[in-house]
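When we follow this note's numbering, the leftmost residue of the sequence shown carries the number 1, and every step to the right adds one.
Derived by calculation from the structure, the hints in this document are not laboratory data. It is possible that part of the hints are untrue.
[What the hints assert, rightly or not] Distance windows between CB atoms, simulated: (1) G82 x P3: 15 to 23 Å; (2) D88 x R50: 37 to 45 Å; (3) D5 x V120: 19 to 27 Å; (4) M91 x T117: 14 to 22 Å; (5) N102 x S53: 17 to 25 Å; (6) N97 x K121: 38 to 46 Å; (7) T94 x R116: 15 to 23 Å; (8) A56 x E18: 25 to 33 Å; (9) L4 x P49: 31 to 39 Å; (10) K119 x S53: 33 to 41 Å; (11) D2 x K121: 17 to 25 Å; (12) D88 x G135: 31 to 39 Å; (13) D51 x L137: 18 to 26 Å; (14) K12 x T94: 18 to 26 Å.
We treat Cβ as the ideally placed atom computed from N, Cα and C, and that holds for glycine.
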Amino acid sequence: MDPLDFLDIANKLKSSPEESERRTSVSRAYYGLFNHVAAIFRTNSILIPRDASGHAKVVRYLRNCEVEKAESVGSSIDDLRGERNNADYKMELTRFNANTCNLLHLKAIEALEALRTIKVKDIIAGVRRYLAKIGELPSS
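All chains, please: the whole structure from these sequences, using the hints.
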């Protein structure tokens, strides 16, 4: 499955009259972007665990790869994860109206568009430099 299909689902649900569907749109927007980036890393032999720690690693790697636009994408993913957690777990919050969900979907789309302007090899090289610097580069 292409994780970007989640962004299509988010687009369909973001303006729903049903709060549960709008909240689901936030979750799908986050997971579409997160899983797309995680797949890029995994395809290029950068280990991203398939557990909760993988979420933080994707953000940390993007923020530390020394590619300015990638750092911004990392911040967007981190912001969207926070909103996803709020949408999924904080039922008392009332802010997930159509406008908010539209803006969060747009944030995911803009991050994806920014990512597409960056050469993947530059991100991967930056992540490998970062991993070497912190002593976490796996041996070949």
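Per the hint of 38 to 46 Å, is the separation of the Cβ atoms of N97 and K121 within bounds? holds (41 Å)
Range agreement (Cβ of K121 with Cβ of D2, hint 17 to 25 Å): holds (21 Å)
Does the Cβ-Cβ separation between D51 and L137 fall within 18 to 26 Å? At 21 Å between Cβs, range holds.
Using the C-beta atoms of K12 and T94, is the stated range 18 to 26 Å upheld? holds (22 Å)
Holds or violated: 15 to 23 Å for the Cβ distance of G82 and P3? Roughly 19 Å apart at Cβ, these two residues keep to the hinted range, so it holds.
In this structure, is the beta-carbon distance linking K119 and S53 contained in 33 to 41 Å? violated (27 Å)
Honestly, do N102 and S53 meet the 17 to 25 Å range at C-beta? violated (31 Å)
Does the Cβ-Cβ separation between M91 and T117 fall within 14 to 22 Å? Given range 14 to 22 Å: violated, Cβ gap about 38 Å.
Could you say whether the range 31 to 39 Å given as a hint is met by the Cβ separation of L4 and P49? For L4 and P49 the Cβ distance comes to about 21 Å; the hint is violated.
Taking the CB of D88 and the CB of R50, does the distance hold inside 37 to 45 Å? violated (18 Å)
Is the distance from the Cβ of A56 to the Cβ of E18 consistent with 25 to 33 Å? holds (31 Å)
Evaluate the given range 15 to 23 Å for the C-beta pair formed by T94 and R116. Roughly 34 Å apart at Cβ, these two residues miss the hinted range, so it is violated.
Consistency note: the structure conflicts with the earlier hints numbered 2, 4, 5, 7, 9, 10.
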